[in-house]
Amino acid sequence: MFRLSKKADEWTKDIVGESPFVLKLDIYYLFLLVGLTAKKSSAFTDFGKDINNSFPAEFKAQQKLIINFLLISRKKLLAIPDDDKQRIRSELLEKYIDPETNSFTLEGRNLSNEYANAGFEILENLMASPRDASAFLHTCLEKIKELEKKF
Amino acid sequence: MKILIRKWKSVGIAGADQDVDLMQTTDKAYRIGLFWLDSGGGKTTTHNLIKVCLTGDSSMIEDNWHKYERKSNDEFYEGEGRFDLQVSFDAEIYDFILHLNFVDKSLKFEVSGGLKGHSYNYHVPLEAKPYLKKDFVDLYIFNGEFAKSLVEEDRMSKEAEKSINTICQLDHFDKIIESLDTFFQAEKDRSTVKKSDKGQITLIENKIKALKDRKKQLQDEVRKEQKQIVESEKTLEKLKKEKNQFDKKQTKIIEDIKKEEEKEKDLKEAIENNDKELLALLKFPSNISKKIADSYKIFKSNLEKLKIPEHSTKEFFKDLVKEPKCICNEPMTKERQKIIIENSNNYIGSDLTQFLNSMKTDVQINIEDDSGQKSKKIEELTNKVKENNNNLLNTQRNLENLRAQVKDLTGRSLQDIENDIEKERNKILRAEIPIKDFDEMDRDVDQKTRVKDIKSKPAIDALIKDFTQQLGLSSRLRDLDKKIGKLKTLLIRFKNESGSKLKSGLVDEMNSRLTKIITDDPITVKKEGEAIVHSGASEGQTLTLAYIFLSSALEMADEVNQFPFVVDSPAGKIGQQYRQNVAKMISKFPCQYVSLIQGGEREWFGETLNKHSGPDIKVQTILRKCDFYQHYFDNPPTGFVELNNSAWVPGFEFFSKVQGLPEDD
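Protein sequences, first through last, are from chains A and B.
Just so we're aligned: 122 in this note's numbering is position 122 of the first sequence, and the numbers increase by one with no gaps anywhere.
Just so we're aligned: 473 in this note's numbering is position 473 of the second sequence, and the numbers increase by one with no gaps anywhere.
Hints are computed from structural coordinates only; laboratory data are not their basis.
Using N, Cα and C, we set each Cβ at its ideal position, and we do this for glycine too.
You can trust all of the hints, since none of them are fake.
Quick list of simulated restraints, FRET-style, between CB atoms:
1) 49/A / 387/B: 32 to 40 Å
2) 149/A / 256/B: 43 to 51 Å
3) 338/B / 57/A: 42 to 50 Å
4) 256/B / 150/A: 45 to 53 Å
5) 57/A / 387/B: 30 to 38 Å
A short, non-exhaustive set of chain A residues, derived as facing chain B with CB atoms under 8 Å:
6) 19
7) 29
8) 66
9) 85
10) 100
11) 102
12) 141
13) 148
Okay, chain A solo, but in the shape it has when bound (with noise of 0.2 Å):
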């Protein structure tokens, strides 16, 4: 289930369903973005707000994509060596990917929402409740291309 912390869904109340956001879940990515770009994930304590169970239609072109992503921002973290033929295997491509489902395993999903908590982290940080949706969009970009130099 991706999930965000219900402080992140508080923050975030005025712009959802605000265009260009369609879907929740668009600003869920928007954070998972940052924080796969900043290589940063930070669990969060209370039981969270649900998003989605898994990616919905609007997202099934980007999907492997955006896991993709998320196991180099992973293998960048752990600093798995390229050659680790074992590690690469089981610690990433055996552990998030659920190729039943084309999706992440449950310790995939978990740890998206983990890296989108700590994108929302670093954004809350930077700007107060957002109240218009373009803007936030705008913000995350900069943010984002900022993060990226390092990545």
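The hints should help you fit chain B onto chain A, whose structure is shown.
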């Protein structure tokens, strides 16, 4: 009605005994009488006694006996007095005699004349009665003090207006109306209504009256509401003009606002579309930057180098061990089977292999084949949004300025004007409700409905009709009532219209006289509605204005009515400059004019009046018997006639040269 004073005689009353004869022959009276008496000679007493005789109202004597009584130590005091007045009413001659007993303060009337002949009660011809009412007699048996009640600060008084109706006989209309009412009441009394039903009748009559009052009240309210509608419509007209002017002035700005609003809308749409496109691109993380795209390529290449996934899958080896021989053609022993199964764990399962291959394909399609185009597109869209945001900010600033200008130009916003328009429209709507209620029939109203709750005029009329029928009036009486009603309306209209025309004529006549008499400080009069207003008269001019009013009014009635204009001290309060002009006017007066004059009034007034009146004037000097005038009694002038305590001398010559007491002259 022509009333003339023929003669009077005063004996034993305060002042000088008098014997005045205004007749030239038996049938012809002098038109003007000018009588000189000194102060204390009895001018005001005579003036009042004439009034008492004509009106029959003796209250002015009964309230002030001392004014009519000689002092008890007076050598001519007799304890009683008598005043005789002979008057003609058209062709009828009446003698009025007042017997005054100063001892027991009693007064006795004696009247001879007319059909009643001699009587000890006051009586006059019936036709003369309207002209002998006290209010009216005050007009022609005129005291200078009364001028103040005719002339108010800026207009002729109601009293004066009323007098026009009497002088010109418009009062007859009231009498006809009164007679009609009396006649109708008599007819009603003869109707079928029983006397025992009177209580019920009173009740119904009261109801009818209450309904009529309610109708009048509603009519007043409706008039008020109609006025409100007219006022609100005027205000609405003004507001609409204001709105139009506002619109004209604002057209340019409003056009600019519309343009800017369109621009704002376009920019917002553009930003929204850009954002949608941007988010769609961002959903492919590789589009963010070349570095991230490269990281995908590296990871893919890394997997390929490590042969992940391998060409063979775990499932291949699981199938292999089920064969009798190994792939190397050796028999598939248990030991071999175990080794192959253990080593198969080094291979990835077919489903993950399939996923990884698919993932690698996605990298190839979206990243390796893209050559950074999408990343550039993100850059481009970001810049575009930035630019559009800047433009949007400017547009919004412009809009704010333009909207502020709209308000500054008039001080009132369009909203303010539209609110006022709405308010006035609501006022009209509210005012229309009672008018509609008033005009429409209310079927719920019946005889039990409280009068104050009825709002419909047709309902009131219907109830009045019902109640009237209940009164048991025969249809003949109702018909008569209607006819009398119509006749009364006509009579009132005739009276009002005639009065109005008479006043217009009177105003013209007064203005013509005012120009001739008050030459130094012109006064004009005009008709305002039914009132006669003047342009302001000083104290000295007030009496003159009253003279002009009365003389003009009395002259207007000349054709049908003539009254003797008897004036006590006619010129006392008139400034010297006007005396000659007033005297000239009086000399042409068609009615009888009698004035009781004292010392100082002879100059200018007496002289001019005598000069311009020709043979129609009777001048007489009345002297009291006292030390100051004793030389005249000792040495009587021509025509000298001695009475008990006085004497009189005829003619203007003696009149003009007699020396009065110093305080008089």
